[in-house]
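Could you put together the complete structure from these sequences and hints?
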Amino acid sequence: AQSVTQPDIHITVSEGASLELRCNYSYGATPYLFWYVQSPGQGLQLLLKYFSGDTLVQGIKGFEAEFKRSQSSFNLRKPSVHWSDAAEYFCAVGDDGGFKTIFGAGTRLFVKA
Amino acid sequence: NAGVTQTPKFQVLKTGQSMTLQCAQDMNHNSMYWYRQDPGMGLRLIYYSASEGTTDKGEVPNGYNVSRLNKREFSLRLESAAPSQTSVYFCASSDRGNEKLFFGSGTQLSVL
Numbered sequence: 001a002q003s004v005t006q007p008d009i010h011i012t013v014s015e016g017a018s019l020e021l022r023c024n025y026s027y028g029a030t031p032y033l034f035w036y037v038q039s040p041g042q043g044l045q046l047l048l049k050y051f052s053g054d055t056l057v058q059g060i061k062g063f064e065a066e067f068k069r070s071q072s073s074f075n076l077r078k079p080s081v082h083w084s085d086a087a088e089y090f091c092a093v094g095d096d097g098g099f100k101t102i103f104g105a106g107t108r109l110f111v112k113a
Numbered sequence: 114n115a116g117v118t119q120t121p122k123f124q125v126l127k128t129g130q131s132m133t134l135q136c137a138q139d140m141n142h143n144s145m146y147w148y149r150q151d152p153g154m155g156l157r158l159i160y161y162s163a164s165e166g167t168t169d170k171g172e173v174p175n176g177y178n179v180s181r182l183n184k185r186e187f188s189l190r191l192e193s194a195a196p197s198q199t200s201v202y203f204c205a206s207s208d209r210g211n212e213k214l215f216f217g218s219g220t221q222l223s224v225l
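Top line first, the protein sequences correspond to chains A and B. Number 16 in the working numbering belongs to position 16 of the first sequence; there are no gaps in the numbering. Number 213 in the working numbering belongs to position 100 of the second sequence; there are no gaps in the numbering.
Source of the hints: derived by calculation from the structure; they are not laboratory data. There's no promise every hint is true.
As the list claims (entries may be wrong) - Ranges between beta-carbon positions, derived for each pair:
id	chain 1	residue 1	chain 2	residue 2	range
1	A	Arg22	B	Asp151	17 to 25 Å
2	B	Ser223	A	Ser80	36 to 44 Å
3	B	Asn183	A	Ser80	43 to 51 Å
Beta carbons: idealized from backbone N, C-alpha and C, even for Gly.
Okay, structure coming up:
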């Protein structure tokens with residue numbers, strides 16, 4: 001069955017420190033992989049996506065993610081976190097040309113001054 | 114830029130009451146979706162409409178019905194609300210399948 005696991009329910013980092021949010025997926029075929037961000041009281045916004053090609057993908061707001069097929073992982077990174085990055089982050093997986101996107105449970109990021 | 118608009122933003126129902134959540138998008142997208150978000154469970158797909166005139170079940174369709182009124186509008190109906198349907202509901206739209214979803218700001222529903 002398709003699934004997405006985000007092992008960390010919440011993470012706290014200091015402003016200016018680097019960030020890595022973990023994501024592991026289970027999927028039978030080549031997956032479409034996504035990271036979405038949700039600010040409090042808002043809907044989700046797409047940060048980046050991977051469909052094929054270069055396994056290191058760049059997204060908005062200075063985020064990047066690396067697809068590692070051997071580890072079934074798609075971890076999100078940012079070199080230097082800003083206070084405005086505090087939000088909930090969702091990893092998701094979908095199929096090529098499909099309509100069903102499976103979301104992980106989310107990781108809430110706290111940023112301390 | 115309105116994007117995806119959901120109404121209402123908040124709603125409190127009693128068990129057994131019915132209601133319809135409304136969603137409209139102004140991006141001329143073909144596909145629309147209804148998700149529910151519960152703590153610790155992420156978002157789960159209730160129903161989706163791949164294109165105008167079609168609807169399909171998602172992961173958790175029981176207790177819900179949908180109508181794709183036209184290309185812009187996709188409504189979600191709870192015929193007899195239950196406490197288990199207390200959740201935050203999100204409508205989303207996309208131009209080409211799951212390639213990129215655009216979300217509304219959500220409806221917080223409480224069923225007492």
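These are the hints, each one checked on the structure:
1. With their beta carbons about 21 Å apart, Arg22(A) and Asp151(B) fall inside the hinted range of 17 to 25 Å.
2. Separation of Ser223(B) from Ser80(A) is about 39 Å and conforms to the stated range, judged on CB atoms against 36 to 44 Å.
3. Checked against the given bound of 43 to 51 Å, the beta carbons of Asn183(B) and Ser80(A), roughly 46 Å apart, stay inside it.
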